[in-house]
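From first to last, the protein sequence lines stand for chains A and W.
2 is the number of the first residue of the first sequence in our numbering; add one for each residue after it.
2 is the number of the first residue of the second sequence in our numbering; add one for each residue after it.
Any given hint could be a false lead.
It does not matter which identical chain is meant; a pair holds if it fits inside one copy or across any two.
Calculated lysine-lysine pairs in the DSBU-like style (CA-CA distance at most 35 Å, straight line) [claimed, not checked]:
no., residue 1, residue 2
1, Lys84, Lys286
2, Lys58, Lys304
3, Lys243, Lys24
4, Lys295, Lys24
5, Lys24, Lys237
6, Lys171, Lys304
7, Lys228, Lys191
8, Lys4, Lys58
9, Lys84, Lys295
10, Lys10, Lys191
11, Lys228, Lys4
For the record, the hints were derived by calculation from the structure and aren't laboratory data.
There are 2 protein chains.
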Amino acid sequence: MSKKEMLDKMLQAARQAAVALAKAETPQKNETLQILAGMLRERAGEIVAVNAKDVQKATQAGQSAALIDRLTLTPAGVESMAKALEHIIGLPDPVGEIHDMTTRPNGLRVARMRAPLGVIGIIYESRPNVAVDAFALCAKSGNAVVLRGGSEAAQSNQILGRIISEALEKGGLPVAAAQVLSNTDRELVKHLLRARGLVDLVIPRGGERLIRFVDENATVPIILHYKGVCHVFVDKDADLEKALPIIVNAKVQRPGVCNALETLLVHRNAADEFLPPMAEELKEKGVELRGCEKTRAILPDIKATEESDWDAEYLDLILAVRVVDDLDGALRHIARHGSGHTESIITENYTSAGRFLREADASCVLVNASTRFNDGGELGLGAEIGISTTKLHAFGPMGLRELTTNKFIVLGSGQVRQ
Amino acid sequence: MSKKEMLDKMLQAARQAAVALAKAETPQKNETLQILAGMLRERAGEIVAVNAKDVQKATQAGQSAALIDRLTLTPAGVESMAKALEHIIGLPDPVGEIHDMTTRPNGLRVARMRAPLGVIGIIYESRPNVAVDAFALCAKSGNAVVLRGGSEAAQSNQILGRIISEALEKGGLPVAAAQVLSNTDRELVKHLLRARGLVDLVIPRGGERLIRFVDENATVPIILHYKGVCHVFVDKDADLEKALPIIVNAKVQRPGVCNALETLLVHRNAADEFLPPMAEELKEKGVELRGCEKTRAILPDIKATEESDWDAEYLDLILAVRVVDDLDGALRHIARHGSGHTESIITENYTSAGRFLREADASCVLVNASTRFNDGGELGLGAEIGISTTKLHAFGPMGLRELTTNKFIVLGSGQVRQ
Numbered sequence: 002m003s004k005k006e007m008l009d010k011m012l013q014a015a016r017q018a019a020v021a022l023a024k025a026e027t028p029q030k031n032e033t034l035q036i037l038a039g040m041l042r043e044r045a046g047e048i049v050a051v052n053a054k055d056v057q058k059a060t061q062a063g064q065s066a067a068l069i070d071r072l073t074l075t076p077a078g079v080e081s082m083a084k085a086l087e088h089i090i091g092l093p094d095p096v097g098e099i100h101d102m103t104t105r106p107n108g109l110r111v112a113r114m115r116a117p118l119g120v121i122g123i124i125y126e127s128r129p130n131v132a133v134d135a136f137a138l139c140a141k142s143g144n145a146v147v148l149r150g151g152s153e154a155a156q157s158n159q160i161l162g163r164i165i166s167e168a169l170e171k172g173g174l175p176v177a178a179a180q181v182l183s184n185t186d187r188e189l190v191k192h193l194l195r196a197r198g199l200v201d202l203v204i205p206r207g208g209e210r211l212i213r214f215v216d217e218n219a220t221v222p223i224i225l226h227y228k229g230v231c232h233v234f235v236d237k238d239a240d241l242e243k244a245l246p247i248i249v250n251a252k253v254q255r256p257g258v259c260n261a262l263e264t265l266l267v268h269r270n271a272a273d274e275f276l277p278p279m280a281e282e283l284k285e286k287g288v289e290l291r292g293c294e295k296t297r298a299i300l301p302d303i304k305a306t307e308e309s310d311w312d313a314e315y316l317d318l319i320l321a322v323r324v325v326d327d328l329d330g331a332l333r334h335i336a337r338h339g340s341g342h343t344e345s346i347i348t349e350n351y352t353s354a355g356r357f358l359r360e361a362d363a364s365c366v367l368v369n370a371s372t373r374f375n376d377g378g379e380l381g382l383g384a385e386i387g388i389s390t391t392k393l394h395a396f397g398p399m400g401l402r403e404l405t406t407n408k409f410i411v412l413g414s415g416q417v418r419q
Numbered sequence: 002m003s004k005k006e007m008l009d010k011m012l013q014a015a016r017q018a019a020v021a022l023a024k025a026e027t028p029q030k031n032e033t034l035q036i037l038a039g040m041l042r043e044r045a046g047e048i049v050a051v052n053a054k055d056v057q058k059a060t061q062a063g064q065s066a067a068l069i070d071r072l073t074l075t076p077a078g079v080e081s082m083a084k085a086l087e088h089i090i091g092l093p094d095p096v097g098e099i100h101d102m103t104t105r106p107n108g109l110r111v112a113r114m115r116a117p118l119g120v121i122g123i124i125y126e127s128r129p130n131v132a133v134d135a136f137a138l139c140a141k142s143g144n145a146v147v148l149r150g151g152s153e154a155a156q157s158n159q160i161l162g163r164i165i166s167e168a169l170e171k172g173g174l175p176v177a178a179a180q181v182l183s184n185t186d187r188e189l190v191k192h193l194l195r196a197r198g199l200v201d202l203v204i205p206r207g208g209e210r211l212i213r214f215v216d217e218n219a220t221v222p223i224i225l226h227y228k229g230v231c232h233v234f235v236d237k238d239a240d241l242e243k244a245l246p247i248i249v250n251a252k253v254q255r256p257g258v259c260n261a262l263e264t265l266l267v268h269r270n271a272a273d274e275f276l277p278p279m280a281e282e283l284k285e286k287g288v289e290l291r292g293c294e295k296t297r298a299i300l301p302d303i304k305a306t307e308e309s310d311w312d313a314e315y316l317d318l319i320l321a322v323r324v325v326d327d328l329d330g331a332l333r334h335i336a337r338h339g340s341g342h343t344e345s346i347i348t349e350n351y352t353s354a355g356r357f358l359r360e361a362d363a364s365c366v367l368v369n370a371s372t373r374f375n376d377g378g379e380l381g382l383g384a385e386i387g388i389s390t391t392k393l394h395a396f397g398p399m400g401l402r403e404l405t406t407n408k409f410i411v412l413g414s415g416q417v418r419q
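Kindly generate the complete structure, drawing on both the sequences and the hints.
So, in structure tokens, the structure goes:
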């Protein structure tokens, strides 16, 4: 059997499993996740030992410290996976949830019911915990999952895949509900990305190169995000007491993540008062500022921004600063340089807040709050499988609900159409 | 400039227009649609005369009577287009609608806000009214639209496109918000279907060949449906007084449409009592029955079904009938032969109704009601741009809301992340 035929066989098995999983009741799904949590704890030693082989190989291959860090599983890391499972067990099951019911003039009650999507492909890189996390979210939302991790985590993914299979079996769910693609061949991934009719959705999780590969090759539906070039706009009517802590938080609390602040926009009427204390505070926190000409007229000590700074996702303690003429200028800058990820305005002005919420084109738009809140947990989703900056189906963090579709249901009492 | 370069230029203009349209307030959008309705009425004579040239050409080319019927615009047809616009004017504007607000423990108020998708491509066949309808739905939901109709309606589409442009100009909206692709070259359509980053969604409207072409060539997101192989399942606990009128309505009221009934499934315990009166009534209405072996044991006069009947979308006064052992048998038949479109169960049984609603995999699942209700108007959407049997983003009839995405909005008072 060729590799493609094997993949097709896997996907067909996944489709069959998806039908069973869609019907599975909440207690059975939760029980299976609890069995898995128990097995992870029991076999933590074995998991860590197998993972150490991947780590050793990656070290010998001269991989970066960042990759090795993402790859490494410690006993505490395994415990975190088990805890994440227990957290997902506690979340409400979206499948079968009925909402938005209305009654038509003929007495028909029309509503929407959440139903699983079917078969979901997750393509990820070096973090082995993604396998457990993604499986749990897909299973809880009634979907089968096909997992394809990075080759550097091959052995870790294999053992986690085997443990997941055993948990499915013990829980009485079909083993094909979660399958790990052991062959990490790129051609095979391409085939997965083009398996229309067999795969309902692919979500890539990883760096820009992986995202681009998926984006360029997929013909199945995909949901993804490239990067976060996030802005805070300090309006002329900003409460400067709120602005400073928000900017510090958005830039400094965790600079390496996609919802961290990268470019600060300041209304020219607020610049003189706001920029000097801000610069002082950020300097203290070790942040390097880069400013436009108008910014440097007020903060002469800082570096000049270059054209490329407006599109940069620094993921570091660097902040670009631009003085703009007004709200329209800020919105124009965001339209041109934003990544559709996260945008925040600091203002006490009713009209400016309303316009910014509506006109800033991003998955999450905030008023008087840190960009760092664009996160599934912080927004109340309970858990997230990823974040979407593509607008179709889901925009922003995706939780259990976003792994379902909504079908119409109609409750009648014998109605016929006139 | 090559044809592809021209298309790219059109799409870039559409993107610019989409930004303006996303900001446009409801009164301005409605006013523009009202201007268009007035212009259609004023210029009805001219529209009908231009359309007559397309009709003449199609007749000379020996096109089918059905195509000529779809292509022909009468003065009454133009009035219908104007009335459809006024209907859309009356519908609530989805853009900026805030819903599902919750308050987080830190006081942040988190909600979803509906926002336009951006640029939508509509690929359709011979019905010229699609141009006006689709434009109105896209514009009202804040989206720019690129319209590509069939070559047989080229002149009709051109004049409607020009009138739409004039209405946009008079209404103060960007003319590029609606553009008609005058070149109907297939290669150009392929280019449109692959314009990732420029086109946010393509919706094809037409026959199976067109749908397949779009499905096979698109890399941009698409929403489509192929066909409707719809079932009614008469359960053992059916109220047979309800069953018969529903089946007659589902099969006979308009047999040529996608939500008409094609295959009837009958529980074996209900077959003896139900099939004879049903056969009599349907025979009177001119319906040809085709039955499985068990059906023919009760109705010996009817034709035998062949394997292909279970997958047939007759769109005609023909009904396939199969006796099944139980609800599971009915669900298995639907899983294998259904098209994800519309499924109905006739039952008084609580558990059967609940299981059918949840387990029948279709965009609309009904209890004790005719399949003919799977329609945007009947389900309360106000108007529909199409129907989706793809699960991502929309499943079932798509109205104005389905032409929007949901972004997260966060209303804060200075919160920072801990």
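A quick look at each hint next to the structure:
1. Proximity of Lys84 to Lys286 under the C-alpha cut-off of 35 Å is restricted to the intra-copy arrangement: shortest distance 33 Å within a copy versus 63 Å between copies.
2. Taking the shortest alpha-carbon separations for Lys58 and Lys304, neither the intra-copy value of 42 Å nor the inter-copy value of 68 Å comes in at or below 35 Å.
3. Proximity of Lys243 to Lys24 under the C-alpha cut-off of 35 Å is restricted to the inter-copy arrangement: shortest distance 28 Å between copies versus 49 Å within a copy.
4. Taking the shortest Cα distances, Lys295 and Lys24 sit within 35 Å of each other only across copies (29 Å), while inside one copy they are farther apart (61 Å).
5. Within a single copy, Lys24 and Lys237 get their C-alpha atoms only as close as 55 Å, which misses the 35 Å cut-off; across copies the closest is 22 Å, which meets it.
6. With identical chains, the CA atoms of Lys171 and Lys304 are never at most 35 Å apart, being 61 Å at best within one copy and 49 Å at best between copies.
7. For a Cα distance limit of 35 Å, the shortest separation of Lys228 from Lys191 qualifies both inside one copy, at 23 Å, and across copies, at 29 Å.
8. Only within a single protomer do Lys4 and Lys58 lie at most 35 Å apart by alpha-carbon distance; the minimum there is 25 Å, versus 52 Å between protomers.
9. In the homo-oligomer, the alpha carbons of Lys84 and Lys295 never lie at most 35 Å apart, since the shortest distance is 50 Å inside one protomer and 54 Å across protomers.
10. Taking the closest pair of Cα atoms, Lys10 and Lys191 come within 35 Å of each other both inside a single copy (16 Å) and across two copies (31 Å).
11. Taking identical chains as interchangeable, the C-alpha atoms of Lys228 and Lys4 lie at most 35 Å apart whether they share a chain (33 Å) or sit on different chains (33 Å).
Hint check: violations occur at hints 2, 6 and 9; the rest are consistent with the structure.
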